[in-house]
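Novice: When you get a sec, could you build the whole thing from the sequences and use the hints?
First to last, the protein sequences are chains A and B. End of the first sequence = 214 in my numbering, gap-free, step of one. End of the second sequence = 1273 in my numbering, gap-free, step of one.
There's no promise every hint is true.
Chain A regions said to be covered by chain B (calculated; three or more residues, Cβ under 8 Å) [said to hold, decoys possible]:
no., stretch
1, 18-30
2, 45-51
3, 114-121
4, 125-132
5, 185-192
6, 199-212
Pair by pair, the computed Cβ-Cβ distance ranges are [said to hold, decoys possible]:
no., chain 1, residue 1, chain 2, residue 2, range
7, B, S1269, A, R166, 27 to 35 Å
8, A, L84, B, A1234, 46 to 54 Å
9, B, Q1154, A, V159, 43 to 51 Å
10, A, I56, B, R1080, 34 to 42 Å
11, A, L123, B, L1026, 34 to 42 Å
12, B, L1020, A, V82, 56 to 64 Å
13, B, Q1154, A, L123, 23 to 31 Å
Derived by calculation from the structure, the hints in this document are not laboratory data. Since this is a predicted model, take the numbers as computed values, not measurements. Glycine residues also receive a C-beta, built at the ideal position from the N, C-alpha and C atoms.
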Amino acid sequence: MNGLFGAEPADVAATWVAAIVTLVVLGALVGERRVFGWSQHLLAGLATGFLALLAITEVIVPRLLEQLATDPAGRADLWLGVALVGVTAAAPWVPRAVAAVPLSIAIGALAAFALGGAVVGTLLPQLAASVARPEPTVVATLAGAAAAAISGLVLIGFVHGAPRGRILATAASSGRWLMLAGLGGWLGYLLFSRLLLLVDRLAFLVGDWLGLVP
Amino acid sequence: MLWRMASPLLLLVLAGALLLPFDLGLRLDNADSSATRGLNATLDRLPADPTVLVGFDPDLGTYAELRPTVRVLLADLLARGARLAFISLTSEGRALAIAEFDRLDRLEANPRQIVDLGFLPGAEAALVALARGLGPDPAQRTIGVLPEEAELPQLAMAVVIGGNDLGPRSWVEQVAPRTDGLEIVAVAPTVLLPELQPYLASGQLAALLATPRDGAAYRVSVELGPLERMVEPAPPPTLAILLGLVAAVAVLGQAVAARLAIAVRAARSREAS
Chain A
1 MNGLFGAEPA
11 DVAATWVAAI
21 VTLVVLGALV
31 GERRVFGWSQ
41 HLLAGLATGF
51 LALLAITEVI
61 VPRLLEQLAT
71 DPAGRADLWL
81 GVALVGVTAA
91 APWVPRAVAA
101 VPLSIAIGAL
111 AAFALGGAVV
121 GTLLPQLAAS
131 VARPEPTVVA
141 TLAGAAAAAI
151 SGLVLIGFVH
161 GAPRGRILAT
171 AASSGRWLML
181 AGLGGWLGYL
191 LFSRLLLLVD
201 RLAFLVGDWL
211 GLVP
Chain B
1001 MLWRMASPLL
1011 LLVLAGALLL
1021 PFDLGLRLDN
1031 ADSSATRGLN
1041 ATLDRLPADP
1051 TVLVGFDPDL
1061 GTYAELRPTV
1071 RVLLADLLAR
1081 GARLAFISLT
1091 SEGRALAIAE
1101 FDRLDRLEAN
1111 PRQIVDLGFL
1121 PGAEAALVAL
1131 ARGLGPDPAQ
1141 RTIGVLPEEA
1151 ELPQLAMAVV
1161 IGGNDLGPRS
1171 WVEQVAPRTD
1181 GLEIVAVAPT
1191 VLLPELQPYL
1201 ASGQLAALLA
1211 TPRDGAAYRV
1221 SVELGPLERM
1231 VEPAPPPTLA
1241 ILLGLVAAVA
1251 VLGQAVAARL
1261 AIAVRAARSR
1271 EAS
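Specialist: The structure is reproduced here in structure tokens:
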């Protein structure tokens, strides 16, 4: 069903392991939570191990150490990278102010790029797109106007603490209800995605593992 | 007691629905085909032998929903002669990419059409560096972002497989403003539809497949020829999905009815007092 496993003995073993772990997770639905808890630990451990493996084999060695070994004098910036990796690895034993440097750089860069991107890539283009304007069809024009009106009401709904008149308070209340409706719709989509995952896992058990579905 | 039995009963019903040899005529592919038309129009604009950057960052919790469509899209691009350069910015995406590479290898996909650019750490900053590295001026290539052996010619398009933190929205925010005219096509789980639909409407995404129905409509629209072997043999089980939805609506209805009952009882007690 998922096509990730072939017919070699190792693939058959992988299918069995996947099936057993799937059964363990589904077992939580019938009250078997202890083994399910172990599977969560297993997942966390595997994810951490895989991330460490990725960091070493695809980042630190090929993009840092190998390049330094090739040209140690020509890449001063990479020495800075080595220093940051070293400080991160030694965080429990170095002064807190020093250990905070790589983390601060990471968080600062993340915030800066995310904020800048949100403004340039989302806020400005979406503001421009939400301005109601004549469209080729009446329906499209009305839809655009409705989108602009809803955007405005939801934005007003975020106004807190300011003195309000009756009209503004009604608009803010409408905006909050519209936002709640949007959140409800989003939760419905989330439920649908998770349902598809459940059905896919059952299809894996019934098809790939038990072979009951051709 | 009945409530405790509900979960295993639901599992049994869904598993039983999977075993049925019929689906009551339920079809996912008879949806509005505008998403499919948009995607096919974008793919038709590709030049001959294009290079397509594939941002592969689905997550384990939603990849089951995307998998059939992603595989058909990859096969479609390969059938069009595209060279696919895969890059992942999350560890989950990288793990799934490795699994898909293994599958493509087993299915004897042309290895010259597939380039593995690996895992790129750094989240949003990495996307910025990637976008700079993809520019037309090689001097601006950010050293260390891409392997030296993976020199890419002018990119024709970017396909983003979403689901994780760094999905189509991040590509629209970080890559699109820095790459002149690079079209971005997204395949994303249903849960991201409300987030991504505005980008499609504003033209920041060239095409978007974000529901199982859109995916199914696209899958039946594609002629893959010899690459048909890359398609999943079994379509998504529509009857089981429908039963699951009915169960979900029943649970929701039960919750609403319980709240209503409490409200009615409270009103009656107020009247009585």
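Novice: Would you mind marking each hint as holding or not holding in the structure?
Specialist: Here is how each hint holds up against the structure:
no., hint, verdict
1, 18-30, "holds (count 3)"
2, 45-51, "holds (count 3)"
3, 114-121, "holds (count 5)"
4, 125-132, "holds (count 4)"
5, 185-192, "holds (count 6)"
6, 199-212, "holds (count 9)"
7, B:S1269 to A:R166: 27 to 35 Å, "holds, 33 Å"
8, A:L84 to B:A1234: 46 to 54 Å, "holds, 48 Å"
9, B:Q1154 to A:V159: 43 to 51 Å, "holds, 47 Å"
10, A:I56 to B:R1080: 34 to 42 Å, "holds, 37 Å"
11, A:L123 to B:L1026: 34 to 42 Å, "holds, 41 Å"
12, B:L1020 to A:V82: 56 to 64 Å, "holds, 60 Å"
13, B:Q1154 to A:L123: 23 to 31 Å, "holds, 30 Å"
Going through the hint list in order, the structure satisfies each hint without exception.
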